[in-house]
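Undergrad: Please take these sequences and the hints and turn them into a complete structure.
Taken in order, these protein sequences are the chains called A and B. In terms of this note's numbering, the first sequence opens at residue 4 and continues consecutively. In terms of this note's numbering, the second sequence opens at residue 10 and continues consecutively.
Source of the hints: derived by calculation from the structure; they are not laboratory data. Treat the hints with care, since some could be wrong.
Unchecked claim - Facing chain A, according to a computed beta carbon distance under 10 Å, are these residues of chain B, among others:
(1) F86
(2) V134
(3) A144
(4) L153
(5) Q322
(6) R325
(7) E326
(8) V330
(9) I334
Said to hold, decoys possible - Below are the DSBU-like pairs computed for lysine-lysine, each with C-alpha atoms no more than 35 Å apart in a straight line:
(10) A:K293 with A:K185
(11) A:K214 with A:K293
(12) A:K293 with B:K296
(13) B:K172 with B:K107
(14) B:K196 with B:K296
(15) B:K172 with B:K196
(16) A:K232 with B:K228
(17) A:K293 with B:K228
(18) B:K296 with B:K228
(19) B:K171 with B:K196
(20) B:K172 with A:K214
(21) B:K196 with A:K214
(22) B:K196 with B:K107
(23) B:K296 with A:K214
(24) B:K171 with B:K107
(25) A:K214 with B:K171
(26) A:K214 with A:K232
(27) A:K293 with A:K232
(28) A:K185 with A:K232
In this text, a Cβ means the ideal position worked out from N, Cα and C, and glycines have one as well.
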Amino acid sequence: MSDFWSIFSVSLLLATVRKSVPLIFASIGGFFSERSGVINIGLEGMMLFGAFSGALIAYTTHNPWLGVLGAALTGALVGYIHALATISLRANQIIAGVAINMLAVGGTLFLSQVFVGGERSFSLAPADRLPMWGAFVPLAYLSFLVVALAYGFSYFTVPGLRMRAVGEHPRAADTQGINVVKMRYFGVIVSGICAGLGGAYLPFFSGSFTKNMTSGQGFIALAALIFGKWHPIGAMAASLLFGFADALQESLQGRGGLPSQLFQVIPYILTIVALAGVIGRSVAPAAVGKLYQREEKE
Amino acid sequence: MRSLFSEATPPLVSVLFAALVSSVIVLALGQNPLHIGSVMFQGSVGSVRSLANTLEEATPLIFTGLAVAIGMQCGLFNIGGEGQLVVGAFAAAWIGVKVAGVNPLAHVTLCILAAGFLGAVWALVAGVLKARFGAHEVINTIMLNYVAFILTNYLVNLPYFKKPGQIPQTDDVLASALLPRMDFIYKYTRLNLGFVLAVVVVILVYVLLERTRLGYEIKAVGLNPVASRAAGISVVRSVMIVMALSGLVAGLAGAERVLGVHKHFVSPFPYGYGFAGIAVALLGRNKPLGVLVAALFFGALASGGAQVDMETQVPRELVTVIQAIVILFVACEYLVRRMGLWPRGAAAHE
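TA: Here you go:
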C-alpha cells in the first residue's frame, strides 16, 4: 500500500502540469471557436501545424521565441482558413475540420521533407529549445495566463459578451447591431492561435518534431472543453484532470497492477458520460455548428 | 442524364481545383507537374500491376466511404469509421487465429461476420446515445475511436492474444481464414476477394436505399426528421439501424485488411482509412455508386502517389494534401456555385 502511495509525489504533480499545458491551450482555443458558434474539429490539425512550424522555425533560425511566434501565426492562418471555409464559403463545419486535420498530417510531413533534407522528423539542438523558467518552460505559465484572459474577456468585457451572444443566438445579436461574421472570424482565428501555441509546446518539450506528434491531443482538448462545460475554468480543470490521468499512467507503467490503458481511456469515457448527462449534463452553445445567414441575403 | 450531370459536375470541378492547387505546389518545389502527373498515371492505371494496386488501395475506402454515406443518408455524421474498422479488424484476427478446424468458406465467413458485428456494436453505442439522450454522434464517435484504439491495444497485449516478441500483434490468422489473393491478375498483388465483397456490399446498400421501405424511411428521416415522425416513421429506430449498418460496413474494412492483406492484428493498426472514408463519401455525393467511383479515384491517387514517392523528389504525402484540398473544395460548394459552375438544382437539398 505504501508503495502505491509513493507514486503521488512532487514529480507526479510537475508531470501533470507538463502534460496539461498543450491541452489547456487547445481547449481554450476550442472555447473561443465554439462559443462564437463554430465547431472546431480541426483543433488537432491546428496543433500539429503549430508543432511543426514552431519546431521548424526554431530549427532554422536557432531562436525558439521566433518559433513560438511562428506557431501562433501559423495557427492564426489555419484558423483563418477554417473561418473562411465555414463562415464565408458556408462549408459544413465538421467536414472543414476533418479536411484541416488531414491537411495537417500530410502537409507537415510534406513540408518537413522539403525543408529538412528529406526527413520526416527532426531534432532540436538544446540551444534551439525554450529555456526553463523554474520547473517549466515559459509556455506553461503562458497557458494559465491565457485561461485567465479568456475568462476575463468572455465574461467581463463587452466584446467577449458579444462573442458569446453570437454563439447562442446570432439573429438576436445581429438585431442588436453586432457583426456576427466578424465576431466568428475573431473566435476561430483566436482558436487557431491558442491551438498553435499548444502544439508548439510539444516539440520544445520533447526536443524533436515527429510524424503526427499531436497523436489525438487536439481531440482530448475538445473532450476537455466539453467535460469542462464550455467554460474556460472548467476546460482548464478538465485539462489538468486528463493531464493527471496521463502522468499517472506513465508513472504506473512497468509497475504491474492496473493496466496503463485504464488511465488512457479516462478522458474519452468521461466525455461520453458527460454528454449523455449522467453526471451534470454538458450543453453546447445553442448556435454552435449552424451557419448564420442574414435574412435579406439569398 | 441531366441529373447525373448535375450530380457529377461539382465533384469533378473540385477535383480539377485540387489538381490545379497541387500543380502549383509541385511547381513551387521546382518540379514539372506534367511529369509528376504522368508518373502518377503510370503508377495508378499504367500497368496491370498498378491497376491491381489501385483496386487494393480502393477496397477499404469503398467500405469506409459507404459507412459514412449510409449515415449521411439519414442525416447522421459517423466520423468513427476509424474505430469501427479497428474493432472489426481485431474481431477478424481473433476468430481467424483462435477458431480452428473449420472449412475455409465457413471460417472466412465467420471472421467477416464477427468483424461486422463488432463494428456495428461500436457504432451503435453512439447511435443509442444519440437516440436516447440526444448526445451528438460526431463527438461520441470521435471519443469511441480512441476507446477502440486503447481497448484493442490492451487486448492484443494480453498473453492470450500476443505473439511473443516486442511488437504488440497477434499471430497470423490460420490459412483457412485468409481471403484469397487475386493473383491471377498480378502475381505479387495484395488485391484479394475483399474487393469483390466490397462491390457486392455497394450493390446491397444501393438496393437497400433505393428499393426497400426501410431505405425510404432512412432517407425520409435524413431529409426531415420532424415530418417523418409526423408521418409515423420511428426516428429513434431509423437512427439506431443506420448507425449499426454504418458500423457494420466499416467493420468489414477491418476484416478485409486483416484477412486479405496484413494477416494479423497489430496495435496501432494502420490508420487513415476511416477519415479518408469521409472524403470518399463527400466526393461520391453519399450515393453508393458515387462512393465506388470516388474510392477508385482515391485508390488510384494512393497507388500513383507511392510511385511518385519512389521515382521523384516529391514526397508521397502530396496525396494526403490533395485529398484534404478535394474535401475543402467539395465542402465549399458555395464558392463553386457562386462562380456559376455548380448547377443550382444539385445543391438545393442542402
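Undergrad: All the hints need checking, so say for each whether the structure fits it.
TA: Hints versus structure:
{"no.": "1", "hint": "F86", "in the structure": "6 Å, holds"}
{"no.": "2", "hint": "V134", "in the structure": "8 Å, holds"}
{"no.": "3", "hint": "A144", "in the structure": "4 Å, holds"}
{"no.": "4", "hint": "L153", "in the structure": "7 Å, holds"}
{"no.": "5", "hint": "Q322", "in the structure": "8 Å, holds"}
{"no.": "6", "hint": "R325", "in the structure": "9 Å, holds"}
{"no.": "7", "hint": "E326", "in the structure": "4 Å, holds"}
{"no.": "8", "hint": "V330", "in the structure": "4 Å, holds"}
{"no.": "9", "hint": "I334", "in the structure": "7 Å, holds"}
{"no.": "10", "hint": "A:K293 with A:K185", "in the structure": "16 Å, holds"}
{"no.": "11", "hint": "A:K214 with A:K293", "in the structure": "33 Å, holds"}
{"no.": "12", "hint": "A:K293 with B:K296", "in the structure": "24 Å, holds"}
{"no.": "13", "hint": "B:K172 with B:K107", "in the structure": "13 Å, holds"}
{"no.": "14", "hint": "B:K196 with B:K296", "in the structure": "33 Å, holds"}
{"no.": "15", "hint": "B:K172 with B:K196", "in the structure": "29 Å, holds"}
{"no.": "16", "hint": "A:K232 with B:K228", "in the structure": "33 Å, holds"}
{"no.": "17", "hint": "A:K293 with B:K228", "in the structure": "21 Å, holds"}
{"no.": "18", "hint": "B:K296 with B:K228", "in the structure": "12 Å, holds"}
{"no.": "19", "hint": "B:K171 with B:K196", "in the structure": "31 Å, holds"}
{"no.": "20", "hint": "B:K172 with A:K214", "in the structure": "27 Å, holds"}
{"no.": "21", "hint": "B:K196 with A:K214", "in the structure": "33 Å, holds"}
{"no.": "22", "hint": "B:K196 with B:K107", "in the structure": "29 Å, holds"}
{"no.": "23", "hint": "B:K296 with A:K214", "in the structure": "34 Å, holds"}
{"no.": "24", "hint": "B:K171 with B:K107", "in the structure": "12 Å, holds"}
{"no.": "25", "hint": "A:K214 with B:K171", "in the structure": "26 Å, holds"}
{"no.": "26", "hint": "A:K214 with A:K232", "in the structure": "32 Å, holds"}
{"no.": "27", "hint": "A:K293 with A:K232", "in the structure": "19 Å, holds"}
{"no.": "28", "hint": "A:K185 with A:K232", "in the structure": "25 Å, holds"}
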